[in-house]
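Chemist: Sequence:
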Amino acid sequence: MESLDRSFDTFGTAGIMDGTDTWLPRVMDNVTHSTIVDSELSRFPKPLRTFAAVVAIIIMIIGLAGNLLTIVALCKYPKVRNVAAAFIISLCIADFVFCLLVLPFDSIRFINAGWADVRFFCVFVPFLRYGNVGVSLLSVAAITINRYIMIAHHAIYSRVYKKYWIATMIIFCWVFSYGMQIPTLVGVWGKDYYVKLLI
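So the number in our numbering is just where the residue sits in the sequence shown, counting from 1, plus 4.
Hint data in this document are derived by calculation from the structure and do not stem from the laboratory. Among the hints, a few may not be true.
To be verified - The list that follows gives simulated cross-link-like pairs (lysine-lysine, DSBU-like), each with its CA atoms no further than 30 Å apart:
1) K166 to K80
2) K167 to K83
3) K166 to K83
4) K80 to K167
Small disclaimer: the values here were computed from a predicted structure and weren't measured.
Construct all of the structure, not just a fragment, from the sequences and the given hints.
Modeler: Below, the structure is given as structure tokens:
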């Protein structure tokens, strides 16, 4: 029996160490990960998880509709189109993407976290989550700074908020928020993956 355990351990180690994509190590990893996720979720009763999933879906639907209406209104009607509106549109786009691509996984995970077994989703969902949170925060900060300059430094307002600089500020919000994750995404610094305890 001991020799059988040793031979199985040797086979398993070889399957992992040689770096080849074989189905056995992948299946074993998925089973282990599923067990861990199910164990984490089992701390909460199923009715509570179902309620959380329903709430997440409701937030997703309201968020999609609300942000889409805001984007259309600000783009369609020139009377409400100003400098702050450009940052608000950027904020709404980030929130719309969050509701469209992140919240569905959040709602599903309360019932079945099986999608976490797929490596692509384990990286893609947190990447979108943190990127959109960054864009949202920077867009709100840009709106705040815009209001401050308009009230406290009105003399330089027209020089600061030209079309070129507004576009540059918005591009910076998106590039910085997603660009700062690239070292983690490519494995140069840290790891970017689905964290059960934090998400």
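Chemist: Taking the hints in turn, state whether each one holds.
Modeler: Hint check:
no., hint, result
1, K166 to K80, "21 Å, holds"
2, K167 to K83, "17 Å, holds"
3, K166 to K83, "18 Å, holds"
4, K80 to K167, "18 Å, holds"
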